[in-house]
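J.: Chain by chain, the residues:
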Amino acid sequence: MAKLDSKIPFGPLADKWQQHKTQIKLVNPANKRKYEIIVVGAGLAGSSAAATLAELGYRVKSFVFQDSPRRAHSIAAQGGINGTKNYQNDGDSVHRLFYDTLKGGDYRAREANVHRLAEVSANIIDQCAAQGVPFAREYSGHLANRSFGGAQVSRTFYARGQTGQQLLLGAYSALSRMVGQGAVELHPNSEMLDLVIVDGHAKGVIVRDLKTGAITRHSADAVILATGGYGNVFNLSTYARQSNTTAIWRAYKRGACMANPCYTQIHPTCIPVSGDYQSKLTLMSESLRNDGRIWVPKNKADIKKEPSAIAEADRDYYLERIYPSFGNLAPRDVASRAAMRMCDEGRGVGETGLGVYLDFADAIKRLGEPAVRERYGNLFDIYHEITAENAYQAPMRIFPAVHYTMGGLWVDYNLMSNVPGLFVLGEANFSDHGANRLGASALMQGLADGYFVIPYTIGDYLAQQKPSAQLNINRPEFKQAAESVSAQTQQLLNNPGKEPVSHFHKRLGKIMWEHCGMARTKPGLESALQKIPALREEFVANVKVPGSAETLNQSLEKAGRVADFIDLGELMCRDALTREESCGGHFREEYQYPDGECKRDDEKFGHVAAWEYQGPGQTPLRNIEPLNYEFTKMSVRSYK
Amino acid sequence: MVASTPAKKLFSVTLRVWRQASPAQPGKFADYPAHNVSPDMSFLELLDVVNDGLTVSNEEPIAFAHDCREGICGTCSCTINGKPHGPGKGVATCQVYMRSFQAGDVIVVEPFRATAFPIIKDLVVERSAFDKIQQAGGFISARTGAAPDANSILVSKATADLAMDAAACIGCGACVAACKNASAMLFVAAKVSHLGLMPQGQPERDRRVLAMVQTMDEAGFGNCTNQYECSAVCPKTITHDFIARLNRDYVGALFRSKLQPVSASAGGGA
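So the sequence lines, in the order shown, correspond to chains C and V. The first sequence: position 635 = 630 (my numbering), numbered continuously. The second sequence: position 248 = 251 (my numbering), numbered continuously.
These aren't lab readings, by the way, just hints derived from the structure by calculation. Incorrect hints may have been included.
To be verified - No farther apart than 20 Å at their CA atoms in a straight line, the calculated lysine to aspartate or glutamate pairs in the DMTMM-like style are these:
#1 K12(V) <-> E346(C)
#2 K160(V) <-> E369(C)
#3 K501(C) <-> D43(V)
#4 K92(V) <-> E380(C)
#5 K539(C) <-> E63(V)
#6 K135(V) <-> E180(C)
#7 K160(V) <-> D121(C)
#8 K493(C) <-> E62(V)
So that you can see chain C by itself, here it is in the shape it has in the complex:
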């Protein structure tokens, strides 16, 4: 049974991080260069960590499966990043961001982690501005803010609708600087396929060069995974097509615990599905909810009418009606379920009936079209490209889609997993968002982990380890891991199957969306736990992977990732079945209030579920880390 010590420092909430920083061990500057650190993934968390650790003097090796760190999927985040600057003088504070995030997460995150996140949020804005990130400005030259869901203050900083891109380019430029100085060894087109553990400590990775197929072994004194989320288990999502779970899943199979895998975020404002060939769902930023109003027809008879033909009195602005104090800025899980309820009632719009309107007519009347274009122009353009419709003239049609995974590898306060020496940052860990993440908080967490947490906490671990620069990559642990990777590759390529990988991914996605999506039930999850193992058997017997192992082979890459998604999907369903309550993004139909809101069970489930691998075909072990709320009361979340 895994030992789960959260290592939360003692003391008052607001002092924990400061005190911890002064108490943890340091590595002296001359010794830092003796330690080597592997960073896998180069999104916001990975790039910021690799750059900062290299600045400190550690030797860093950065691995990324994309052809450049600048292409990691953080690039696609649109709306913004939260920071408690209180530049608006509207009552924001560290405590408020802490409280909003904790409440937004439906009281399923650790207080201490969330408070630290809120504390460093202001430093992130400073750091990014210093790197030259072209944040939106007022005419005075000061930074501009907008509002995001789940908050009653304006604390979101942004760069048009491309905030993720600009923050990632900032982190990428910091990383590039260190690569140019020779302090970081950059390995693009390199996919991590296994974690190597020596004497119980993470000491290296096995990597496949995606261009040449070469399998290589890399040793280090610590391994950092910053490989993002696993929402592509649903096949259709707002993730990049190649985002995957393989790095964290293979670490799970080497003993790292997977925490709360069922916590999935379904984003309310995405462009609806149009056909079976679909590969991707495109997000329309939450920032649109600042000025757009969401509605469906009051009467079912009106759903096929042109929206302009539906009188004001016949429209139901349901978020404003049900949640008057937060209105269109209700948190994502709340807004998504409300949209689903409207569609279930038969009031959904569009050809499929799976859509609601996001209407800018009032904003255009109030602000004028040029002002709306300046704020959201690129989003209206994206909408037009995909649907061939003009959202300045008619409302957008939107529908919820899988967007983020709050679950991930279990980490302690130092962001170290239960495997010593294995650290996990950003979306790949489970730590800060509880059961639901608020908008503009993913960028914040990725950069907090990479710029301001790991540079301190990794030193505490390394100071207690002798530098192992001479660790021989011909040791049996490395050899065994590399051989098992090669064996899987050969097995996939030699399989006498008939079906392309995508068929299995689509089928898995349908099972997951139907049974482990926005609403979950005991019978549904039980049937998924029958269907997924059957799908795995079929995959093993019938998947067809053309091409060879020695060149670029995208079918082979996909096959390995989908195999892991199948296993992960099963664990997600198991986690969702075991968690007999509703909280945040995890909605069990059996556990709800009469008005359809989540009914938590703090007594039985006020804890983190951290699953531990027990070998192929074995039921994994469910470990528990209790969530002790010392400073906040776990209350019923209300946005009314």
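Assemble the complex: chain C is given as a structure, and chain V must be docked to it using the hints.
T.: Positioned in the frame of chain C, the structure of chain V alone reads:
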């Protein structure tokens, strides 16, 4: 809850695709008919469907670069009917929809072609030269933790907006593929302008432009002869005006680089 395909008129096209097994082998075009094409399908989704068909019929699928499929990561890189990123304006390959084509069209699909972008396989090219240019100087040196309060340096809205216009570059390389000289001037100009416009970027402004241009030249990119094919195909519609700004910055920096302070060669001191 996957929607059924709406009843839109489906049609057929032929894809004429560049196939090249490896950098060393010669490539050639091959034709692939595609049927039941929906106008709402993206061009890359059509490649997905064609590839599944190839897999089932024992042929190797077409390798093509893609990731975010929403026009921001800069991975996708096809030249479609002779134009990098295809027929649309201000879009990347992944944002091309089949409604841009007619029934019966023969659609010619090639990789981005340039000496500095060697072909890896089929439609996938190597663009690490761009990363090298960034590593040479595409940054503002700001050690983590050393930043002043973000509002302590004011940036006028006009400056921030112009910097953002340049910073919108996705690093796809279409500008290079479109240029008869395979010049990377628009890419370099975008980065140099973004950082050079921001007040935070002033201390390293000269050093940056000299280092980035030198690395660009060493990587085998050609020079700019003011044809503006680059800005015409740029998925973020970045204007070639930034190239003029790059040239001004470069010339100024070159002059100033000859004016070294006496102390510059005085060593590190005690």
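J.: Under the constraints set out in the numbered hints, which ones does this structure not fulfil?
T.: none
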